[in-house]
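Participant: Residue-level listing of the chains:
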Amino acid sequence: MSDNLLRRLWRTKQGRIGAIVLGLAALLCLFGPNLAPQNPEAIDFLGRFRPPGAQNWLGADQLGRDVLSRLMTGARSTIPLALLATLLGTLAGAVIGTLSAYLGGRWDEAIMRSIDAVMAVPGLLLALLLVSSLGKGSLNAALAIAIAFTPGMARVTRSVALSVRAQDYVKAAIARGERGSFIVLREMLPNVIGPVVVETTIRVAFAVMLFATLSFLGLGAQPPASEWGLMVAEARRFVHQAPWIILAPAIAIGITAIGFNLLGDGLRDALNPRDER
Amino acid sequence: MPARWLIRRLLLVSYTVLVVSLLVFGITQVLPADAAVALLGENATPEALAAIRLRLGLNDPAWLQYLHWLGAALGGDFGTSMRTGQSVAPMMLVALSRSLLLAGFALVLMLCIAVPLGIWAALRQGKAADMVSGMISYVGVSLPEFVTATLLVICFADRLQWLPATGYIPPGEDFAGSMIRLVLPVVTVSLMMIAHVARMVRSEMIDVLHTDYIRAARLKGLSGQRVLLRHALPNALLPVITIVALDVGYLLGGIIVVEEIFAIPGIGRQLIIAINTRDLPAIQAGAMIMALTYAVANTIADMAYAALDRRIRYE
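In order, the protein sequences belong to chains A and B. Counting in our numbering, the first sequence runs from 1 upward without gaps. Counting in our numbering, the second sequence runs from 1001 upward without gaps.
Treat the hints with care, as some may be off.
[To be verified] Coverage of chain A stretches by chain B, computed from C-beta distances (three or more under 8 Å per stretch; other residues unrestricted): (1) 107-120; (2) 192-198; (3) 210-222; (4) 234-241.
[Stated by the list, open to error] Pulled a few chain B residues facing chain A out of the computed Cβ check, cut under 10 Å: (5) Ile1027; (6) Val1115; (7) Val1141; (8) Ser1142; (9) Arg1159; (10) Leu1160; (11) Pro1164; (12) Gly1253; (13) Val1257; (14) Glu1260; (15) Leu1271; (16) Asn1276; (17) Arg1278.
Just so you know, the hints here were simulated from the structure itself, not pulled from any lab data. All values derive from a computational prediction rather than experimental measurement. Beta carbons are placed, not taken as given, at the ideal position from N, Cα and C, and that holds for glycine.
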């Protein structure tokens, strides 16, 4: 079944481009430091602000470090943490959302109104508050993003669970006299997972952006890490002399986020049986 | 609008304020093991720590501290800034007014671009124009504000030298100078919303154009323009109100980043300064005011929706 899904995903244009982009990103995360042409931390004062060329393909930064090598090494400190943050947030949100849909009635109302209230705090603001209390650093930033994502994921999971519960095939299963565990696990869960996976994939794009933003604001990854948001922040002072230092990580963040957005949309099309031709 | 519905809305806003206050207070005051150490640093003398604990009431149980804080906050008193020694609430409100100017311009610009873009894409569904607007949307939602801001500064301030890179001038002082410095920040914050809202307008418009009442209007012999503007557009734009209100959350987040980059002394920048200097009262006031702004914006949107859509049934 998953084989079939992958094939359908590959047949959508967005899904194919997204999968290719993210495949490359995964390669960078796994082998980036080995593939990097130079040592990302090697300082070369003669090569400061060297423009892109044969020696440094994407130029050198204010300390003469190779931008391409830093970019390739930095993938590892940017993408996996964003992924982890989203997965944690999805898990926590899915538990709360399913619980709310399962309890129903007044409890559901109370939980959902509280979720709505928490969502009055913009995601970035909530993450900022949490990081300011937990302390700066990559792991704390990821944790903060996970917590900031939880209410939104809870809302999505609940609404999907409720709509699945109202479907005829679930009613039919109930009428057949199936056990509760069978209905939840075999009838409802497979149909809940799809939309939640789509939402999660698109959220990873936000997580990548949020994580880079926190690092950019000085609250996420700390120097001398080559996290992409931090690279942009450090290069800001040299925008005039050497725009390539800032362009490379900025574009890398954008491409990664586009990759997750495309994959999410491709998955949505692949999971939607109406579009099957 | 029936009174019962209004009362329910107001109760929901009050509940939001209560939850947000618990959240903000909990995160800022309770989570760090010792707020006194957080304020004075690791090397503070025990006497100084004891003195500040007594002054801030940190020896009281957490719920009592919360009630004291909430009581004062509801009266508009968030305490004095640890950094400047001034009262926090007025400082934050002045900052908020600058941010609202930025946000207002961004919203107007977003609507002026996103709505026509969405309609255009819907009318040319599947054609080149639709693809182009789709691609713009992808890029728009995938670039964080600090990246967009950086790219815009490199392009329009550094290379072309058309616009100043950073800085803030109050509109009362030098109106033209103030406006020209707002161009890049406004464009930056509106970009992500443009991408998002244009996509929504497109899909709503496509749905509406396939309804029976549009077909009926066409068969009646009305001109295409009249069908589009009088029959389709109002129905397509209604759901967009809700989306725009929800996007105010992104807008506020974007404002934090953009104010920091363009050195605009709005509430976002004040908040970042407060966080970096561990100025607890300022953090609390900034977060509360921002969340309240969002809650109010959503309530207004709900009311506008209810007022405009005569089909709505008040729960």
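Participant: List in ascending order the numbers of the hints, as given earlier, that are violated by the structure.
Facilitator: Checked against the structure, the hints that fail are numbers 2, 6, 10, 11, while the rest are satisfied.
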